[in-house]
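S.K.: Got chain A sorted already, so can you dock chain Y onto it with the hints?
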Amino acid sequence: MLELRLVQGSLLKKVLEAIKELVNDANFDCSASGFSLQAMDSSHVALVALLLRSEGFEHYRCDRNLSMGMNLNNMSKMLKCAGNDDIITIKADDGSDTVTFMFESPTQDKISDFEMKLMDIDSEHLGIPEAEYHAIVRMPSAEFARICKDLSSIGDTVVISVTKEGVKFSTRGDIGAANIVCRQNTTVDKPEEATVVEMNEPVSLTFALRYMNSFTKATPLSNTVTISLSNELPVVVEYKIAEMGYVRFYLAPKIEEDEEETKPEV
Amino acid sequence: MKIVTYNVNGLRQRITQFGSLRNLLNSFDADIICLQETKLRRQEVTADLVMADGYESFFSCTRTSDKGRTGYSGVATFCRVKSAFSSEEVALPLAAEEGFTGLIGNSLAGKNELPFFMEGLLGFSNEELLSVDSEGRCIITDHGHFVLFNLYGPRADSDDTERIQFKRNFFTILQKRWESLLYQGRKIFVVGDLNIAPQAIDRCEAGPDFENDEFRRWFRSMLLENGGQFFDVFRAKHPDRKEAYTCWPQNTGAEVFNFGTRIDHILCARSCLHVADDLEGHDFIRCHVKECDILTQYKRCKPGSNMSAQRWKEGRSIKLEGSDHAPVYVTLHEIPNLSQHSTPPLSARYVPMVRGLQQTLVSVLTKRRVSEQMRSCKMSGLPTDEDIVTGSTCERVKGSFDNSECDVLSSQDSETNLESNEQSGSSSQEAVPSVSSGIEYDKVVPGKSNRSKKKARSSQCSQLSLMSFFKKSTNVDNVVKDSRTDIQAESSQLDHYSNEASTVANQTGSSEQYELRTDVCEEASEFTDDSKRKESNNVALLEWQRIQQLMQNSIPLCKGHKEPCIARVVKKQGPNFGRRFYVCARAEGPASNPEANCGYFKWATSKSKN
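Protein chains in written order, with UniProt numbering: chain A, 1 to 266; chain Y, 1 to 610.
Treat the hints as calculated values from the structure; they're not laboratory data.
Check before you lean on any hint, since a few could be wrong.
Simulated restraints, written as ranges between beta carbons of each label pair [said to hold, decoys possible]:
1) Y/Leu103 to A/Ser153: 44 to 50 Å
2) A/Glu21 to Y/Gly227: 53 to 59 Å
3) A/Gly83 to Y/Glu128: 32 to 38 Å
Even for Gly, the Cβ is constructed at its ideal location relative to N, Cα and C.
Just chain A, same shape as in the assembly (with noise of 0.2 Å):
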């Protein structure tokens, strides 16, 4: 038996449209610890990792450990039928093929419940270690998602590059070349909109803007997203939710390649 009650429901509706971009189905794990979800996009290059402590929760009942194979297409467009300030509880039977959403109006006027049919997924859960890093960026996360956006019309890929002063976003594409800085600045109103630069060593790695718009999508969970990067490992990409968890993004970096493109000569 399965009920997880969750106030701010807009948050799910929020994690929701931050990963279904990037990952078509995957499992969502249920412990007495909390909800939480691991996945690959379908390329299988980034990973996707999800946790909501079961603190989080208004009421959190799991009796024995659950995985349920969801399609977050399906899942998405069920979400979506809740209001934004709507309770959704998550409601599922031991050894059921569905899970239930039941959505609450704030005024209790109105209760709802969607019935969605589970899958079958084959997926084995990836340890993923906690590591140090050569540098961790944390900035406004709607000022990220400009810079992905921004520079990702001019090329294909964003060098980031830490070095002590600030962190450096720059791209190269056939009608030029962009750079941004953004300077370390803690002096601000309010914490959010702080950029703060803690650096060990300088690293500067190169990713796919594809991914990074991706991983932008979750923008709207988190003022804030940290950055953290290393020479030996895949970057991070994490947007912190309210007391209850993460939504944290792996992308493996990529190689400069001078290869002669093909192009027609016609």
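M.R.: For chain Y alone, kept in the frame of chain A given last:
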């Protein structure tokens, strides 16, 4: 005389590719250029899209917005002429018509033709007739000696009965029109993307039932050898040429192995233009057709280019510019001039939306500069180009406002000197654009702009697999490195084993790997003086390495090449909509070629429970 047909797959895109419409048209060096799939919306047609100096143009855009098809279909015919007025050129049509039912208006069908033609159409309702003409699929131009149909034939999926009926109507009505013209003794040229490959030879790996298709049968019935009225000009010239294709589906990478179809055609009616008592042995092909071939240099992927099957990968790693079709051309000879005539009212120059070609200041100034240069070169001997430019700019700008008449005179003057021979025949009542731009006429090398792009993008990146990434960064310290290589050997064995074993075995196998690795890591750290931090990082590194291996191993390998597949999602409505599957990542090609797509298919394991 040269006629070219080209499905451009978006005129805007081709204009961008070539820099301008004029560059695109000039690259063919042809007298009549028929483009299909311009994909222009009627309300967005501007002069830079349909008008070019030196060409008369006639275009048709889709008029319906059924199924959200707005920027869809569309054909355009460009005629290279020296003068659009009182000209004797064959390229300049006597009349032009949009559509072929004669219902849209600006019909060129005379009083004699229409009734006869309509008689054959009694079985069709007015709506049906209008609907075949409403998608911008046909421009007819009458060039005196022949009537030219620029066609974009409808495409219909084999299970779309509504569309098949539309296609049937389209060609039935079209045939009536042809018959009516032929009955009047007119000669006909039909060019364009008909979306029909007539014979098995025109299609890669045609199945046994290929030629039984109703439209292919219809097409062949139109040909002389089957009692019809037309030559398939390309086939008549090259009866046995195999693998001569004009269209390659983009989404399967068909270009890599020339895995295409020949659906862009040039057809012409039988009789030649000669008037003699004894026409034995005369026909259009023998008397007038010099050459007919496919311009494969316009293909996105050329033979010998370094786009190998392995690199294709769903086209993601490479960007190709160009249409999925290649142009086809025919050259004709012994086509006499016509009597003096002027451009027909359908010309783009009379379409209210695009009339009044807005010149830019720069183009006005450059034109003048060129003529000024020529003049002063003649007058003053050997000044450098720059001198003239700086010297004459002010004068010109001033002159352009209050003394335009004089300017026109002077520019004409210099040009007449320049190409006096060529132009002596053409009357310049109107300052026809082609005249004033004679100097810029050098054939523009298409793809010129491409070359600079190529440079800009020469340092491309490829997505690093986590594996290769970790292999590269093994310089943490020697001891760890050494011991790791051992482990790697072991682990690859394990991998090999686990590939064959069940998933469960895979899991246990990899966790064993992990234990082994951490052991080694700990041992290794004993030998070094490194801090705990480094140790934990090494663990993380190895752990990530394992994760990457798992991620890679979980992509199925295709049967043919043992290469990782690519994932796709069912986009077609139906019970499997949205389901994920894996297919061979290589480009499609003939089954005999082991390098081509091996046809491997596998559903992703997820499926609905019920």
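S.K.: Which of the listed hints are broken here?
M.R.: 3
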